[in-house]
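Colleague: One letter stands for each residue in the lines below.
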Amino acid sequence: MRDGRRVFLRNGALLLAGTAALPGFLTRAVMAATAAPAKGKRLVVIFQRGAADGLNVVVPYAEPNYYAMRPGIAIPKDKVLELDGFFGLHPAMGGLKELYDAGHLAVVHAAGSPDPTRSHFDAQDFMESGTPGLKSTADGWLNRAMQAEDAALAAKKGQQARTAFRAVALGPELPRTLMGKVPALAISNLQEFVVGGRGPNAAPVSSAFESMYGESGDRLLHATGDSTFEAIRMLRATDPAHYQPNAAANYPNNGLARNLMQVAQLLKADLGLEAAFTDMGGWDTHQNQGGAQGQLADRLREFSDAIAGFWRDLGDEAEHVTLVTMSEFGRTARQNGTGGTDHGRANAMFVLGGRVKGGKVYGRWPGLADEQLNEGRDLVITTDYRAVVGEVVSRTLGGDLKAVFPGARLGAGLGMMKG
Amino acid sequence: MRMVRYRSRLAGLLCAVLISQPLLSPGVAEARGKAAKEPAKAPALSSDQRILHLLDRLSFGPTPESIAAVRKMGLYRWFEEQLDPEEIDDMGLETRLKSYPAMDLPADELLTRLPSGAVIRQVADGKLPMPDDAQLARIYRHRVDIYQDKQEKKAAEKTDAGMMMPATGPAAVVPTVSPARLTYGELLVKSVLGLGPDERLERVLGMGPHAYEEFRSVLKGAQREHLMDGMTEDQRELLASFDNPGKAVTEELMGQRLLRDVYSERQLLEVMTGFWMNHFNVYLKKNEEAPYYIASYERDTIRPMALGRFEDLLVATAKSPAMLTYLDNATSTGPDSAAAESHARRQALGKEAKGPLPGLNENYARELMELHTLGVNGGYTQKDVTEVARIFTGWTVDHAALGGEFRFDETRHEPGEKTVLGHKFKEQGQKEGLKLLHMLATSPSTARFIATKLAVAFVSDTPPEALVARMAHSFEDNDGDISAVLRTMVHSPEFWAPEAYQAKVKTPLEYVVSAARASGAEIPDPQPLANQLNQMGMPLYGSMPPTGYPAKAEDWVSTGALVERMNFAVALAGNRLGKIRTDWAAVTGAATDPAAEELALEQRLLPGGVSEKTRAATLDELGAQFPAPAAGARPLNENRQAARAAQERAVLAGMLIGSPEFQRR
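So the sequences go chain by chain: A and Y. In terms of the working numbering, the first sequence opens at residue 10 and continues consecutively. In terms of the working numbering, the second sequence opens at residue 807 and continues consecutively.
Here chain A stands alone, though its shape is the one from the complex:
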């Protein structure tokens, strides 16, 4: 299948070279006719690295122990953004509150990974590989989701042209989540994704390097080189330097927003993007995390405003996109000795999309009374994060979930998605 695809693309690329003189919209139409996957098969994943403090993100203000355990950092009842009579969003998250009220945003609380590790490194690894506890898994759940999609298609003797942009991570390196057989790209900045200079003289050096890598006996670099040059050509055809986001977008000025804007760009350019990934750090608030104001509040504002901007930028396309957020674990229910929180267990996840039954907080709430905590310190997990992600995957990319999350017992799902 891979060779067939490459031959197609080589032809596709030649076609593009020939049509370089065509206006942008025609070039895009050419790409769209040949490469766009079915609508609805667009999944965006945001990983909050560092263990976001779920209890201060989606605040269980109706739990009295919440205030008893967090005298210095709890969010006052009158400050939360009301969700459903029990939970409220952190006040800095006005952007997401709007999406919740409009019925596009669902919350899943007390979700997490069954492996009890408290190591950031291991927990992120397990969450991204989709096989908590197993270190030997080489690929990531999202890559396996695309493999499962391909398998389902092949079983039906179906065909789908794939491009170099099927799976994209916005950032300098490929995350575990996207590692695997299905080729994925890591791009920090779409505009700078050219070789040998930004401008009309880029092409010559590009093709020389391309043949160097294309014919190299070095298997790893050869494969990466191939995918690099295909991607460069396709992207150049969409003229990323002149992209204008939707007038209503109003993105904030932060790293997550810049990455999401580029995801929006790729989605709107119909380059065959099915799975996008980006991450955001700064969540590991061991010290001085603040309450309604402070470090965590600032992070949440950036997070919420960026996602809201992304949604507005997508405009009509938003219907067909599903976005899910996750973090490797939550934080301790009690604050620690330095105005922060330490590594915990269950956390809050967000699922946003046109096909999401939003405006609701899903999952069984285990309670915050002392005897209801894990090891007397953490919120208990009542929903496996793979059930959340699995449900999103089955309603978007499709495919056999047993292959995506081997060994997981996922149950019937939470009923978050339409259809």
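No wet-lab data here; the hints were simulated from the structure. Among the hints, a few may not be true.
DSS-like, lysine-lysine: derived pairs with alpha carbons at most 25 Å apart [said to hold, decoys possible]: (1) A:Lys88 with Y:Lys960; (2) Y:Lys1358 with A:Lys144; (3) A:Lys144 with Y:Lys1259; (4) A:Lys144 with Y:Lys1189; (5) Y:Lys1358 with A:Lys190.
Ranges of calculated distance between the beta carbons of each label pair, as one might list FRET restraints [as the list claims (entries may be wrong)]: (6) Y:Pro1356 with A:Ala161: 27 to 37 Å; (7) A:Asp87 with Y:Pro1356: 43 to 53 Å; (8) Y:Leu1155 with A:Gly385: 24 to 34 Å; (9) Y:Gly1014 with A:Pro261: 25 to 35 Å; (10) A:Asn259 with Y:Asp1142: 50 to 60 Å.
From the derived model, a few chain A residues whose C-beta atoms are all more than 10 Å from chain Y [to be verified]: (11) Ala111; (12) Asp379; (13) Gly420; (14) Met426.
Glycine is no exception: its CB is placed at the ideal position from the N, C-alpha and C atoms.
Using the hints provided, position chain Y relative to the given structure of chain A.
Modeller: What follows is chain Y alone, placed relative to chain A:
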């Protein structure tokens, strides 16, 4: 005479190597692709390959000088010399490091000389005196003025919130600039630049914040260079401090690191300093004082012990302000400690107590075991983490915002006995921590963990079990002496196995530095290299999580990475990275035809050779960009000839540095 013989012999040998067997013989390529379980099918490394391999792994990249040195001394003598860095003359580097006088200062003096925001705030609030030194005082005055302006603006915004009044006063900079203002700024720049260096410095230091803002906004690119013309390093530093002290510290810190990696003769020491800085990771942006502490951390804690005894290094990091603040141990307080009790008493009496009730912070305790010593499978439990945290209460820093040093604060220390991994530690204040560190440093799990990390860094992403076991034993048998472990490694057959040759993919740092070294580039200011590392996802001192940067190919090879690397290669070769200058003419010498030029550059940049395909693509590119002139065309004049020849050499060099072969070491 001798050099000529060596060079032609080397060239001859390499030609023979290239002709008789391609660099990536099938056996090697295959063996590298799989886990190293199958017996090697490739022939043993040639002596030239052994020289390159040693330099690839134990230095930041081969250079003609280092190749000659190893050839002359022999592999193991060179290695032993590198294990004794004090005896290696490093005057060349020392001269370059004179550009960064502040980098010799201890943290508290550095904080005074290039004042952090915290220092300025304390001076503004009257809690710290102005410095005695006249020039420093001007800098402080300037920074304090800027700070106070900001505070006034913030207060004004709060009171004016909701009112539609336009912002008044010079603090609110109006975007449109009237012609009169522009002329003032231009005149100011012109008059200042016309002064001699001493007067120029005085003039700038004397500017108020608004005048300086004008001055800076008008001062354009090239003029900015001239601003520092003729100044001593100290004067340049003062000017940088006046402009932005925090930025000045960070730039000096990154600059000295890059200069060391590129130019030091004590290569193994710098390689190991980098290794331990990554193992005992600290983060530049943790807080305002981090850059100041990191300068001292690298210079006084890590580098002096990088080739010594692991336990010494471990204890030094445990006591370092950099680590104590990075992993939040400096504020960790025992729940039953005297400090906690007095705080609780004050609260109970209704008195105001500063801050929240102090308590335990487990961050350092966890990472100490997971990342610094035992490794994540080292057998410790959550309970052990808590107990370790209790042991380290009291290990704190005096006045961290002012660059204070380690102090053991008895009042914060958690009383009582602690149990870690089944061992009891009776109450002994600071000694508990030292005993625990000894226990961790001498654990077989630690020996194993460190041996594995070293083997991955220096031999292969999947190092053979026998090698790791041997290195772990060496660690244990030699009381954790890192030099001994390295010696074991370098004397192991696995180190010299064909499947280890060129098996590692360079990290962005290794790629950028090896390119600088191989090209013999002259680097007056390494800032462009630091910027490249940011773009490649490996900013210096920039790993936020304590795991540090990874060391395997899969972590660094991606499409985005390749694009950045190729662009870097072309920019470096074409002298488009700031003031960094290459001299390809010196490499190609008398050669004029493309094939000869390419071979000369190849021998310089990739002495191990390149594949036919790489060579062909390189020459093809040259032909594409610089086609042979049409018959009968007028020949170019001398200047244009020279310029074109330089561009041609740059194209060849750029292709080679961006090649797949150059990505490996």
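Colleague: Within 25 Å, alpha carbon to alpha carbon, are Lys144 (chain A) and Lys1259 (chain Y)?
Modeller: holds (17 Å)
Colleague: Quick check: does the Cβ-Cβ distance between Asp87 (chain A) and Pro1356 (chain Y) fall within 43 to 53 Å?
Modeller: Hint holds: Cβ distance 46 Å, inside 43 to 53 Å.
Colleague: Is it true that the CA of Lys88 (chain A) sits at most 25 Å from the CA of Lys960 (chain Y)?
Modeller: holds (23 Å)
Colleague: Does the Cβ distance between Gly1014 (chain Y) and Pro261 (chain A) fall inside 25 to 35 Å?
Modeller: holds (34 Å)
Colleague: Far enough from chain Y: is every CB of that chain over 10 Å from the CB of Gly420 (chain A)?
Modeller: holds (28 Å)
Colleague: Given the hinted pair Lys1358 (chain Y) and Lys144 (chain A), is their Cα-Cα distance within 25 Å?
Modeller: The hint holds at about 16 Å.
Colleague: Take a quick look at Ala111 (chain A) and tell me if its Cβ sits farther than 10 Å from every Cβ on chain Y, holds or violated.
Modeller: holds (28 Å)
Colleague: I want to verify a distance hint. Is the separation of the beta carbons of Asn259 (chain A) and Asp1142 (chain Y) within 50 to 60 Å?
Modeller: Given about 52 Å between the Cβ atoms, the range holds.
Colleague: Check the non-interface label on Met426 (chain A): least C-beta distance to chain Y beyond 10 Å or not.
Modeller: At roughly 31 Å from the nearest Cβ of chain Y, Met426 (chain A) sits farther out than 10 Å, so the non-interface label holds.
Colleague: Do Pro1356 (chain Y) and Ala161 (chain A) keep their Cβ atoms within the hinted range of 27 to 37 Å?
Modeller: holds (34 Å)
Colleague: Does the claim that Asp379 (chain A) lies off the interface hold, with its Cβ farther than 10 Å from every Cβ of chain Y?
Modeller: Label holds. Min Cβ-Cβ 17 Å, cutoff 10 Å.
Colleague: Given the hint that Lys144 (chain A) pairs with Lys1189 (chain Y), does the C-alpha gap stay at or below 25 Å?
Modeller: holds (23 Å)
No hint from the list above goes unmet by this structure.
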